[in-house]
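Please build the complete structure, drawing on both the sequences and the hints.
Protein chains in written order, with our numbering: chain A, 464 to 783; chain B, 464 to 783; chain C, 464 to 783; chain D, 464 to 783.
Since the hints were derived computationally from the structure, they do not count as laboratory data. None of the values given here were measured: they were computed from a predicted structure. Do not take every clue at face value.
In this list, chains with the same sequence are indistinguishable; a pair is considered to hold if it fits within one copy or across any two.
Unchecked claim - Heads up, simulated EDC-like pairs for lysine to aspartate or glutamate below, C-alpha to C-alpha not over 16 Å straight-line:
| hint | residue 1 | residue 2 |
| --- | --- | --- |
| 1 | Lys-496 | Glu-514 |
| 2 | Lys-496 | Glu-663 |
| 3 | Lys-577 | Glu-703 |
| 4 | Lys-577 | Glu-737 |
| 5 | Lys-537 | Glu-705 |
| 6 | Lys-700 | Asp-558 |
| 7 | Lys-664 | Glu-762 |
| 8 | Lys-693 | Glu-762 |
| 9 | Lys-780 | Glu-737 |
| 10 | Lys-677 | Glu-659 |
| 11 | Lys-700 | Glu-779 |
| 12 | Lys-700 | Glu-657 |
| 13 | Lys-537 | Glu-667 |
| 14 | Lys-664 | Glu-703 |
Spelled out from the first residue to the last, the chains are:
4 protein chains.
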Amino acid sequence: MRRIAIVTSGGDAPGMNAAIRALTRLAISNGLKVLGFIRGWEGILENNYVELDSRTVGGILHLGGTILKTTRCKEFRTEDGLRKAAENLMEDDVDGLIVIGGDGSARGARELSKYTDSKIIVLPASIDNDLYGTDESIGFDTAVNTALAEINKIRDTAISYERTFLVEVMGRRRGFLALEVGLTAGAEIILVPEVEYDKEKIYEILERNAAKGKRSSIIVVAEGVGDTWKLAEDIRKNVETEVRVSVLGYVQRGGSPTARSRLLAALFSQKAIELLLDGVGGRVVGIQGNEITSISLDEACERVKPLNINLLKLAEKLAI
Amino acid sequence: MRRIAIVTSGGDAPGMNAAIRALTRLAISNGLKVLGFIRGWEGILENNYVELDSRTVGGILHLGGTILKTTRCKEFRTEDGLRKAAENLMEDDVDGLIVIGGDGSARGARELSKYTDSKIIVLPASIDNDLYGTDESIGFDTAVNTALAEINKIRDTAISYERTFLVEVMGRRRGFLALEVGLTAGAEIILVPEVEYDKEKIYEILERNAAKGKRSSIIVVAEGVGDTWKLAEDIRKNVETEVRVSVLGYVQRGGSPTARSRLLAALFSQKAIELLLDGVGGRVVGIQGNEITSISLDEACERVKPLNINLLKLAEKLAI
Amino acid sequence: MRRIAIVTSGGDAPGMNAAIRALTRLAISNGLKVLGFIRGWEGILENNYVELDSRTVGGILHLGGTILKTTRCKEFRTEDGLRKAAENLMEDDVDGLIVIGGDGSARGARELSKYTDSKIIVLPASIDNDLYGTDESIGFDTAVNTALAEINKIRDTAISYERTFLVEVMGRRRGFLALEVGLTAGAEIILVPEVEYDKEKIYEILERNAAKGKRSSIIVVAEGVGDTWKLAEDIRKNVETEVRVSVLGYVQRGGSPTARSRLLAALFSQKAIELLLDGVGGRVVGIQGNEITSISLDEACERVKPLNINLLKLAEKLAI
Amino acid sequence: MRRIAIVTSGGDAPGMNAAIRALTRLAISNGLKVLGFIRGWEGILENNYVELDSRTVGGILHLGGTILKTTRCKEFRTEDGLRKAAENLMEDDVDGLIVIGGDGSARGARELSKYTDSKIIVLPASIDNDLYGTDESIGFDTAVNTALAEINKIRDTAISYERTFLVEVMGRRRGFLALEVGLTAGAEIILVPEVEYDKEKIYEILERNAAKGKRSSIIVVAEGVGDTWKLAEDIRKNVETEVRVSVLGYVQRGGSPTARSRLLAALFSQKAIELLLDGVGGRVVGIQGNEITSISLDEACERVKPLNINLLKLAEKLAI
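Structure follows, in C-alpha cells:
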C-alpha cells in the first residue's frame with residue numbers, strides 16, 4: 464500500500480470534510496501518498512484528481528459539504544463505466560480507494576470492486592443513516608440537530624397560531640432521521656416509511672390533544688411516507704384545526720458538523736487506514752455499540768438496517 | 464389613561480413577546496393597568512383577555528411567537544364585528560389599545576378606530592417589514608438572520624454539487640426580506656415582486672458565472688415573484704446546470720429575537736406608552752433614521768413603503 | 464410502587480428537563496404519582512416539593528437548566544441530614560426516588576440509600592461525564608458542542624492575529640470534555656488531568672507548527688490541569704508567539720440540549736421507570752455500547768471511569 | 464485613482480472580510496487595481512501585500528476574522544515608522560488607502576495622512592463601536608448577538624441555581640456593547656465605564672428582587688468598569704446570594720457576521736470607493752440615522768462619541 468485515493472459520492476453529508484482531513488493526515492503520517500478524485504465517480508471516470516497533503520486539508524474540519532465535490536453519475540454504473548474506472552485506478556497506481564458516502568455509494572463501490580484489484584473501503588457518511596453495518600453514519604447527528612432547530616422555530620408559530628404543522632424531513636426510503644428528530648423534538652406524531660400509518664388514529668390523537676387544551680401539534684413526516692400535502696388536506700377535512708406544511712429542504716444536508724459527526728469521521732478514518740495498511744479491502748467501516756468495526760461490503764449491501772421500533776413507541780408515550 | 468390593552472395580530476414575528484414585556488412593565492411603572500387580549504382581534508370580539516403584570520411577562524423576552532397568541536379573524540372586518548369590538552373595549556374600560564402587528568393589522572386598527580374612543584397605537588412587528596412609516600419592524604432583523612443561516616447551509620450543498628439553488632423566502636407582496644437576505648448572503652441573483660425580471664438576463668448571469676468557473680449559484684426569490692418551480696424548470700431548459708428549489712418555510716417566523724429586534728421592541732414600547740400617557744391615539748410608532756417617531760395611522764395605511772433599489776444594484780455588483 | 468419523586472442534584476446539565484419530562488410522563492402512563500423536590504437534596508431535607516403531571520412538564524423539553532432547581536447542600540451529607548431526608552421520604556410515601564445528576568450526586572444517593580427503604584435510581588446527567596457505568600451522561604454532548612462553537616469563534620481571532628490561544632474548558636478532575644472538544648475542534652494540543660504534560664513538548668509542537676507556517680494554535684486545557692495563566696506565561700517566555708487565555712465559563716452548562724442529550728434523557732428515563740416498576744433500587748442507569756443498562760450504585764461509586772487514551776493519541780496525529 | 468490598498472488594523476471584528484470582499488469587487492468594477500496589506504500597519508512597513516481580485520475575495524463573506532490578518536504594531540507610531548509607511552505607499556503606487564478598523568486605527572490613519580499623499584479612508588469596524596462619526600461599526604451587531612446568546616446560556620444555570628451572575632463583556636473604555644447586550648438580554652443591572660455606579664444601589668436592587676421572589680440576577684459589566692471579581696466579593700458580603708463571575712472572552716470578536724454587520728460592510732464600502740473615485744481622502748465613513756455619510760478624520764479623532772443614557776434608564780425600567 465503506497466498510494467490511496469479518496470472519493471466522496473452520492474448525497475453530501477456534514478463531516479465529509481472532517482473525514483477527508485483525517486484520512487489524509489493519517490495516511491500521510493503512515494507514509495502513504497493521497498489523491499482526491501473530484502466529483503465522485505465522475506472524477507474516477509475522467510481521471511480528475513488532486514493530490515492531498517496535510518496543508519490542503521487544513522481549515523476544512525468545520526465545513527459542511529465536501530471539498531472534493533460530489534455528483535450523481537449514471538455512466539459509472541454501466542459495465543463500460545466500471546471497466547474504465549478500474550483502468551484509471553490502475554493507471555494512477557491507486558492501491559487503496561476510500562469511498563465516503565451512503566447506501567448507494569456502497570453499492571457502487573461493491574460493483575467497482577469486481578473490476579479492480581484496488582482495495583476498497585467504504586466510510587458511511589449519510590444523513591439518511593441507512594447503510595447496514597453501522598449504528599450511525601457521519602453527518603446523521605448533524606442533520607438531526609439541524610432539523611431539531613428548525614422544528615423549534617416552527618413550534619413558535621405553531622403555538623402562537625394554535626395550528627397543526629406537518630414537518631417533512633428527508634428520508635425517501637427510511638425513517639431514521641424522522642424518528643430521531645421526532646422523538647427529540649417532542650413531536651406529537653411521527654410517520655416513517657417502515658410503518659404503515661392509520662389516518663383515523665392521527666385524527667384521534669389530534670382531537671384528544673385538543674380536548675386536553677393542547678391546540679398546536681407537530682407531526683414529523685419522512686419524505687418517503689407519501690404525499691404530505693394530501694395528508695394535510697385530509698386532516699383539515701376531518702379535524703377542526705388549521706394545518707400547515709413545512710418541508711425542510713436542503714438545509715438538512717448542510718451546516719458545520721456536530722462534535723459527534725466529527726468524532727465518527729476521525730474514528731472511521733483511523734479504522735479505514737488501518738485496514739488498508741493491513742492490505743484489507745471490500746469492507747464497510749462502522750460503529751457498533753461503542754466499537755469501531757468493519758463488515759464486508761457484500762453483507763452491508765445485502766442486508767437491511769432495521770429501524771428501532773421501540774423508539775417509535777417511546778416517542779408516542781412521551782408526547783402525551 | 465388608566466387601563467390599556469395589548470393585542471398581537473396577523474402573522475407572528477420574533478420580538479412580539481419582547482414588546483409585550485416592555486409595554487406591560489412600562490405601563491405598570493406609570494401606574495396603568497394592562498390587559499392582554501387572546502388570539503388577536505378574536506380576543507376583542509370574544510372579550511377574552513388576561514391581566515398582565517411584571518411577573519406574568521417575566522421570562523418571555525427571548526421567546527419567539529407571542530404568548531397572547533394570534534389568528535386571522537374574518538368576522539372582525541365586518542361592521543358588526545367592529546361595532547362589537549368597540550363595545551367590548553368600552554365595557555372593559557380600555558382607554559388605550561396597542562396593536563402589535565404588520566401592515567394588515569394597521570389597516571384593521573384603522574377601521575376599529577372609527578368605532579371606538581379608545582386611543583389606538585400600532586407597534587410595527589412583521590417579518591415582511593412592509594408597513595409604511597418605519598424603516599424597520601420588530602422581527603425583521605431576526606427573519607433576515609434566520610434566512611441567512613439557512614442559505615449558508617444550502618450553500619454547502621450547492622457548492623458540493625455545483626448546482627443552482629432557487630431559495631424562496633417569505634414576501635407575498637414585498638421584497639424587503641428577499642433583498643436584505645440576498646445581499647447579505649451574497650446571492651448571485653435576487654428577485655423581488657417590485658421589479659420585473661428578465662429570464663434571459665438570469666440565464667446570461669448563470670452562464671457568465673459558469674464561464675468564470677463559478678459553478679454554483681444561489682438565487683433568492685421572494686414568494687410573490689411568481690412560480691418558483693416554473694422558473695427552475697425554465698432555467699433547467701436554458702442553462703446547462705442542475706437546478707434545485709428550496710422553500711424556506713415557517714422557520715422564518717420563529718426563533719429567539721435578535722438583539723436588534725429586541726431593542727426595537729423596547730424603544731417602540733417606550734414611545735407607545737408615552738403617546739398614550741399624552742392621550743394621543745391613531746398613530747403608528749416607528750424608527751426613521753435613528754429616531755423613534757410616530758406617524759398617523761391614516762398616512763401609514765395610505766402610503767406605500769418604497770423598496771431601496773440602490774441596494775438591489777449594489778447586491779448585483781457585489782456578486783460578480 | 465405507587466409514588467415516586469424526582470430530584471436534580473449537583474451541577475446542572477442540559478437535558479435535565481428532558482429527563483424530568485420523560486420520567487414524569489412515563490411514570491404517569493404507568494399509573495404512578497410523581498413529586499419533584501425543589502433545590503436538590505435541600506428540597507428533601509425541607510420537604511419542599513411540587514406535584515408533577517403531564518401538563519406541568521410540557522414545554523420544557525428544549526430548556527437548559529432544571530425547572531426543579533439545584534443547589535449544593537452541606538447539611539445533607541451529615542448523619543442527621545441523611546436521617547432527616549429518609550424520614551421525609553417516608554412521610555411523603557415516596558416509594559422510588561430518581562436522582563438526576565453526576566458523580567457527586569451518585570455518592571449522595573448511595574449514602575441516602577443506607578437510611579431509606581425508598582428505591583433509589585440515579586440518572587447520569589453531567590457535563591463532566593465522569594460517572595462510572597455509562598459511556599455518556601445527559602448533557603455531555605451538548606456541552607461538547609457548545610464548547611466547540613466557542614472555539615470556532617475564538618479561532619477566527621486566533622488566525623487573524625496569528626496567536627496561540629489557551630482555551631480552558633470545565634473539568635476539575637476529569638478530561639472527558641477537554642478531550643472530545645479538543646479532538647473535534649482540531650486543537651493543536653489537548654491537556655487533561657489524567658495525563659501529565661511536558662512543557663518542553665508543548666514548546667516544540669508550537670515551534671514545529673510555526674516552522675510549517677501554521678502561526679496560530681489552539682490548546683484546549685481542562686480546568687483541573689493546573690494554572691492556565693501560568694502556562695500561558697511560560698509559553699510566552701519560551702516560544703516566539705503571542706499567547707492569550709480564554710476561559711469558557713458557565714455557558715458550558717447552559718443552552719438547549721442537543722438531540723443526543725435529549726435521546727439519552729428519554730432512554731435513561733424509560734429504563735429508570737422499568738427498574739422501579741420491577742421494585743429494583745440502588746442502580747445507576749447508563750448506556751454501554753448501544754445498550755441501555757444499569758449497574759449497582761456501589762460499583763458506580765467505587766470504580767473510576769477510564770479516559771480513552773487512544774483518542775488523545777488520535778487527536779495528536781490529526782493536528783499535524 | 465488607479466490603484467488602491469486595503470488594510471485591516473487593530474482588534475478584529477466580524478464583517479471585516481465582508482468589507483474586503485465588497486471593497487475589492489466595487490473597486491475592480493470601477494477599473495481600479497486592489498492590493499491587500501498583510502498584518503495591518505506592519506504590512507505597510509514591510510511592504511507585505513497580496514493582489515486582490517474578485518476570485519480571491521470569493522467565499523469569505525461569511526467568515527469571521529480577517530483574511531488580511533491584523534496585529535498591534537508599535538513601530539508604526541514612531542516618526543520613522545510613519546515615514547517608512549508613506550514611502551512604501553508611494554513605491555507601490557497606492558493612490559488610495561482604505562483602513563478597516565476602530566478608534567485606534569483611525570488615529571493611526573490620521574497620523575499617516577500627515578506623511579502621505581495617498582487618500583486615506585477609514586471604514587469603522589469594531590466590536591467596541593467607539594469611533595465618533597458613525598452610529599454603528601461593522602461587527603458591533605454581531606458581537607451584541609454573540610454576547611446575548613452567551614448570556615441566554617448562563618441564565619439557564621443562574622435560574623437553576625438561583626445565583627447572581629456578573630457577566631463581564633468587552634469594552635475597556637466604553638460601554639456601548641455592555642449597554643446594548645444588557646438591555647436586550649434583560650439584565651437586572653448594567654454597569655458601564657461612562658457612569659459611576661453605587662454599590663449600595665446594586666445591593667438594594669438585588670434585595671428588592673429577592674423579596675419579589677426573583678432569586679437569580681444577571682449583572683452585565685463592561686470590562687473597563689473595574690475589578691469584576693472584587694465587585695463579586697463585595698456583593699457576596701452584603702447580599703444573601705451566591706455570586707458567580709463569567710468573563711466572556713474572545714468569542715465576542717469571532718463568529719460569522721450578522722446580516723446587519725454584512726450590510727454595513729457593503730454600504731460603507733460603496734461610500735468609500737465613491738469617495739476615492741472622487742479623489743477625496745481624510746474621511747471616516749459612517750452611518751448616521753439611515754444615511755451613509757462621511758466626516759473628516761480629524762473630527763472623528765477629536766470628538767467623543769456619546770453613550771445613549773436614555774437606553775440605560777430604559778433598561779432599568781424594563782428589568783423590574
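Okay, which hints does this one fail, numbers in order?
Result: hints 2, 3, 4, 6, 7, 8, 10, 11, 12 and 13 break, sorted rising.
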